[in-house]
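J.: One letter stands for each residue in the lines below.
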Amino acid sequence: MSPALLEVDGVTKRFGGLSALNDLSFEVGEGEIVSVIGPNGAGKSTVFNVITGLYPPDEGDVRLRGQSIVGLSPNRITRAGIARTFQTVHLFPNMTVLENAMVGQHSRSKAGVFGAILRTPAVRREEEAIRERARECLDFFGSRLAGYRQDQPAFALSYANRRRLEMARALATDPTMMLLDEPTAGMNPSETLELRDHIVRMRDELGLTVLVIEHDMRVVKGVSDRVVACDYGRKLAEGTYDHVANDEQVIEAYLGRRHEELG
Amino acid sequence: MSSSGSAQPVDARLSGFATLPWRRIILVVLGATIAFVVIAGAYKTLTLPGDERFSGDFWVDQIVNGLGQGAILALIALGYTLVYGILRMINFAHGEVFMAGAFISFFFADAYVKSGFLNSNTYLALTILLIVSIAGSTLVAVLLERIAYRRLRNAPRLVPLITAIGASLFIQSAFRGFFGPQPRGYPLPTLLEGSVVLAGISVAKVQLLVFITAIVAMVALQLFVNRSRTGRSMRAVAADSEIASLMGINVDRVVVITFIVGGILAGIAGLLFALAFTQVVFTMGFRPGIAAFTAAVLGGIGSIGGAALGGFVIGLLQAVGPSLFLKGFGVPSENSLRDVFVFLVLILVLVFRPGGLLGTGDAEKV
Amino acid sequence: MQPGVRVGVIAGVVTIFLAAVGLIGNFTELNIIGEEVTFAQLMLVMIPLVAGFVATAPKVEAGELVTFTPQRAAMVGAVSGAVAGAVFGAFVVFVDAFGVERVRSVFLNVSPVLMDYLTSGRPALTAAAILTVISAIAGAAGATYRALPDAVRRPLGSAIWVTLLFGFLQRIVPIALDQLEVERDWLYSKITGGLTWVGAIVIALVAAGISVLKQQKGGAIRGAIVARRDRGAEGPRITPLSIVLMLVGLALVLIAPQVLGSVISDVLGTVMVFALLGLGLNIVVGYAGLLDLGYVFFFTLGAYSLALLTGATLNTFIGSSEPVISLNLNFYVAVPIVVVIAAVAGVLIGAPVLRLRGDYLALVTLGLGEMIVVLVTSPWLVPLVGGPQGMRDITSAAIGDFGFRDPRHFYYLALAFVALALFVSSRLASSRVGRAWTALREDEQVADAMGVSTTSYKLLAFAIGGAIGSVGGALFAVKIGSLTPASFQVLVSIQVLGIVILGGIGSLPGVITGSLVLVGLPGLLREFEEYRLLAYGAAVVAVMLLRPEGLVPNVRRSRELHEDELDQDRWVRDVVLDEGVAPTASPQGEGTG
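Protein chains in written order, with the numbering used here: chain A, 1 to 263; chain B, 1 to 366; chain C, 1 to 593.
The set of hints was computed from the structure by calculation and includes no laboratory data. C-beta: ideal position from N, C-alpha, C; glycine also. Keep in mind that a hint or two might mislead.
Simulated restraints, written as ranges between beta carbons of each label pair [unchecked claim]:
id	chain 1	residue 1	chain 2	residue 2	range
1	C	Pro58	B	Gly248	40 to 50 Å
2	B	Gly248	A	Tyr55	28 to 38 Å
3	B	Gln182	C	Arg102	15 to 25 Å
4	A	Gly71	C	Phe402	55 to 65 Å
5	C	Pro379	A	Asp58	51 to 61 Å
6	B	Gln182	C	Ile318	26 to 36 Å
7	A	Ala122	C	Gly403	37 to 47 Å
8	C	Ile243	A	Ala122	24 to 34 Å
9	C	Ile318	B	Leu48	52 to 62 Å
10	C	Ala62	A	Gly71	53 to 63 Å
11	C	Ser430	B	Ile243	56 to 66 Å
Partner residues aside, some chain C positions facing chain B, computed with beta carbon under 10 Å [stated by the list, open to error]:
id	residue
12	Ala20
13	Val21
14	Asn109
15	Pro112
16	Leu247
17	Leu250
18	Gly289
19	Leu363
20	Thr377
21	Val540
Let the hints inform the model, and build the full structure from the sequences given.
T.: Here is the structure:
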């Protein structure tokens with residue numbers, strides 16, 4: 001049996017005296033959509049940061065297709081096929097929407113200094129290809145990020161569009177796997193549902209594997225093949241949505257507050 | 001529409017010239033070279049043939065000198081570290097704050113020596129000079145904060161730094177315009193001429209004064225920061241200015257007070273420097289400013305104890321370093337390269353241990 | 001009334017400052033217009049005038065924009081001016097009472113000459129009173145200026161500043177006119193050196209006329225530009241007019257040395273060298289966002305490398321001697337080698353250093369700049385670079401018999417390199433590399449997460465910038481023909497930074513403008529040489545406080561630097577621009593992200 005696409009294996013991460021991640025292990029298989037849920041402060045974003053190389057784990061390993069990616073710089077990991085969005089939107093505010101997306105294609109292109117200066121036909125073709133690919137990724141979100149919008153500076157976008165742009169930019173890195181960090185935070189119900197469909201489309205149309213951190217259980221229920229529940233940096237339960245939703249420890253972690261929603 | 005599938009296989013990272021950890025290699029080579037120079041140089045210097053070798057007295061002298069200069073640097077470094085702790089910015093113009101006090105006190109000192117007051121009533125004269133120097137430095141520091149820095153508290157980080165550079169240039173040029181480019185000889189009261197012998201070591205009286213004053217000032221600062229209410233406010237703002245303001249602390253006021261304290265220390269340092277080197281000139285703030293900043297970083301920027309420690313270390317390094325490390329290699333006129341040492345230390349500390357000696361060892365990188 | 005007083009006090013203090021620094025006393029003879037308007041007079045009148053203008057600025061109080069009625073404005077302006085004059089007058093009285101000589105023993109520029117000038121022989125109190133009155137009138141004038149209707153104010157403003165500009169350019173324009181054999185005595189007086197009254201009036205009228213014309217045509221164009229900018233499009237707008245203007249500009253640039261003579265060409269040559277340095281630093285600071293305070297490092301490296309590669313000799317007391325390393329290459333062969341040396345040095349230095357945070361990086365680079373200066377001056381390296389005595393016999397970069405040491409020829413050599421650097425810079429800016437730099441500059445961590453190798457691109461910018469700086473150094477060496485460490489001070493780094501900042505970080509035309517203003521003007525107005533650094537420092541601080549994007553801003557950078565202000569407008573835009581999203585969309589977005 002081939003190894004899962006992504007393996008998080010016994011990862012521990014401490015900040016000062018605090019253990020943000022505590023011997024956390026789970027896998028994501030190719031083509032799956034896996035959700036990570038848990039109360040605030042459960043260490044979910046930290047796991048993303050460790051996976052994408054922002055900082056190394058104190059213990060444990062992270063493997064992509066069986067090969068350890070611990071210690072690689074973030075840009076290397078992106079190049080290897082893992083793309084991410086951030087919990088608070090981190091766009092390049094003064095670049096246009098299109099330019100933001102084009103940055104995503106950076107690691108899939110190679111024009112260097114001499115190419116830039118000489119602007120050979122090959123370089124110009126590559127630039128066109130970058131632009132085209134960026135447009136494709138923006139068009140994934142339909143009319144939202146299309147047309148004249150693409151020439152607007154990113155700071156001019158509405159909140160929801162910014163989140164979409166961040167995802168489009170991540171898509172532009174031609175990843176094998178998308179890491180989405182609370183993609184629907186701050187969105188209204190209709191935007192949330194729209195996004196839920198986008199996530200499924202990412203797997204169905206683009207063939208991506210998706211790992212999502214989410215709080216909104218309607219989204220979790222609607223997209224996930226599997227759910228991993230965490231608290232205090234440890235895994236509480238793993239399995240289908242129904243299985244996890246009914247797990248004792250998980251319910252307790254949410255202090256029964258979400259008991260109604262989980263039902 | 002499917003992804004173009006051009007993701008590179010993970011294996012790619014294991015091959016290829018570009019994936020060698022170049023930075024690591026360069027750092028290691030750099031570190032090794034410097035270690036070699038330092039150790040070999042010291043060894044060679046200390047094993048020079050008898051007539052070329054430096055005597056024990058020489059080393060003692062250099063060490064005493066170094067400590068004296070270090071004391072002055074420590075006082076200036078404290079100013080940098082205090083402002084950095086509160087505003088997270090390097091007050092590039094702090095060297096000019098130091099210069100201002102010394103320079104302004106010169107005019108009083110000059111008048112006093114001409115009227116004989118300096119020598120007839122030395123203690124009183126020195127006290128007045130101290131007050132004047134402190135006033136001058138503090139005035140410049142407060143003006144800096146008010147005019148140049150206050151509006152830029154929330155600006156992108158480069159902006160206040162560039163402003164500080166401009167301010168430094170401006171203040172230097174202003175002093176040059178006011179008072180002329182000539183260096184001025186600072187008078188030394190007869191009471192401070194000559195040296196005393198302490199525990200078998202000959203120490204110039206001026207150096208003794210420098211030591212005592214600096215230590216007293218540092219102790220006073222420590223007490224102020226740790227015991228007084230204002231000091232507590234300062235520490236609170238340094239830890240988190242937003243929360244501090246929510247707790248009712250007037251952040252603006254604390255910032256001004258920090259600049260004032262830094263100015264006071266710089267003013268003291270200015271007078272001591274003037275007495276020790278018997279000269280003031282409009283450019284005198286630049287090199288000590290950089291050395292002091294290096295000291296603050298060496299000790300761990302934001303840490304008061306660190307700044308003090310760093311000051312003494314840099315002072316010693318400046319005094320002893322060239323002789324110890326370079327003479328052995330036959331470098332002529334090694335003292336002209338003294339400043340190179342300071343800069344090298346700065347670079348080395350920031351590259352290998354940005355948190356400084358008393359810091360944690362891994363400083364915030366971005 | 002209160003703000004008027006406050007502004008007035010500040011203005012008065014500024015005037016005292018200028019007097020103490022010598023900017024008034026030393027310029028009582030610099031005639032701007034006729035013999036009546038000298039630089040000193042201009043200072044004394046302009047400061048209260050500006051005070052009046054500033055004091056009557058519209059303010060936002062309790063959410064409403066408060067403006068002054070013309071009458072009240074004039075009063076506030078007058079008060080402001082009067083206070084300024086009174087403060088300065090008090091200074092005059094004080095000095096007089098205390099005794100000029102005694103003050104002068106401390107403040108060298110407060111001289112009897114200055115006092116005579118200020119008092120014109122009258123008793124100090126009278127002089128103070130007169131100053132106060134004059135300042136009051138000036139203040140009122142400044143306030144009234146603001147209150148004038150646009151149609152009157154713009155031409156008036158143009159008339160004034162263009163006339164003054166021509167007055168300041170009294171060292172260039174008459175010479176140019178002479179060379180072109182155009183009659184110019186009616187415009188610039190040979191006796192006073194400045195403009196004649198006739199000439200001043202003519203210029204004023206012409207400037208006002210042009211301003212009126214622009215106003216009529218300008219409205220529509222401005223509207224179109226503003227709309228375009230809001231949409232984010234940044235491309236140059238190529239119209240027949242702009243092509244003509246560009247050709248004219250090009251022609252001017254090319255024939256300048258022939259028209260303006262040797263002396264001015266010399267200054268222009270230096271302007272070109274500094275423009276080249278500015279372009280190099282612009283890549284490091286403007287494109288990649290790295291604050292490099294040690295640019296003099298590359299400048300020095302380039303100059304001395306070139307010298308050693310082209311067979312220059314060491315300057316000694318008795319003549320010259322050979323350096324330890326000496327090659328005899330042709331200039332045009334040596335330059336690429338210098339570029340390579342600089343790039344390698346940039347990478348070696350940058351590798352450990354570039355991952356440091358902004359302020360630390362600045363200090364470290366400053367240290368490097370200092371280090372190379374110390375090394376080049378040190379006795380230790382005398383056999384290589386000549387120590388304080390320096391080097392001489394630098395090549396004149398001759399092609400055949402055509403040498404470039406002559407200022408007029410050198411200008412073209414430098415111009416060629418500047419053009420090359422401009423070309424390279426603009427190509428890089430609009431390429432994948434430039435995009436990576438912008439991303440890196442806007443958010444380093446995120447850029448890294450998006451696949452941009454931040455360390456590599458920082459190094460790239462540093463190395464390219466350094467290479468360009470080194471070429472600047474090499475050119476400088478050719479221009480002067482010899483090298484002394486005195487030319488290679490840390491101050492050079494700061495001056496180049498000043499050029500980049502003043503012109504607008506990241507803006508190519510801005511760098512050229514910055515060099516013209518900060519290097520060209522002082523070069524041409526020799527009296528101001530002493531105050532150059534003072535002006536630099538003040539200019540840098542002023543620019544950072546008021547307009548961080550510089551004189552000729554790069555649009556993108558302006559947005560970066562005014563993010564707070566733009567933030568506030570954003571949520572309005574969100575609701576209005578975004579069709580299809582209900583206004584319940586929460587305006588939570590952060591600008592900086």
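J.: All the hints need checking, so say for each whether the structure fits it.
T.: Now for the hints, and whether the structure bears them out:
1. Pro58(C) to Gly248(B): 40 to 50 Å: violated, 34 Å
2. Gly248(B) to Tyr55(A): 28 to 38 Å: holds, 36 Å
3. Gln182(B) to Arg102(C): 15 to 25 Å: Since the Cβ atoms of Gln182(B) and Arg102(C) sit about 19 Å apart, the hinted range of 15 to 25 Å holds.
4. Gly71(A) to Phe402(C): 55 to 65 Å: holds, 58 Å
5. Pro379(C) to Asp58(A): 51 to 61 Å: holds, 52 Å
6. Gln182(B) to Ile318(C): 26 to 36 Å: holds, 32 Å
7. Ala122(A) to Gly403(C): 37 to 47 Å: holds, 41 Å
8. Ile243(C) to Ala122(A): 24 to 34 Å: holds, 30 Å
9. Ile318(C) to Leu48(B): 52 to 62 Å: violated, 32 Å
10. Ala62(C) to Gly71(A): 53 to 63 Å: 58 Å Cβ-Cβ, so the 53 to 63 Å window holds.
11. Ser430(C) to Ile243(B): 56 to 66 Å: violated, 44 Å
12. Ala20: holds, 5 Å
13. Val21: holds, 3 Å
14. Asn109: Because about 7 Å separates Asn109(C) from the closest Cβ in chain B, which is inside the 10 Å limit, the hint holds.
15. Pro112: Violated. Min distance 17 Å.
16. Leu247: violated, 37 Å
17. Leu250: violated, 33 Å
18. Gly289: Gly289(C) check passes; min Cβ-Cβ to chain B is 8 Å, inside 10 Å.
19. Leu363: holds, 6 Å
20. Thr377: holds, 7 Å
21. Val540: holds, 3 Å
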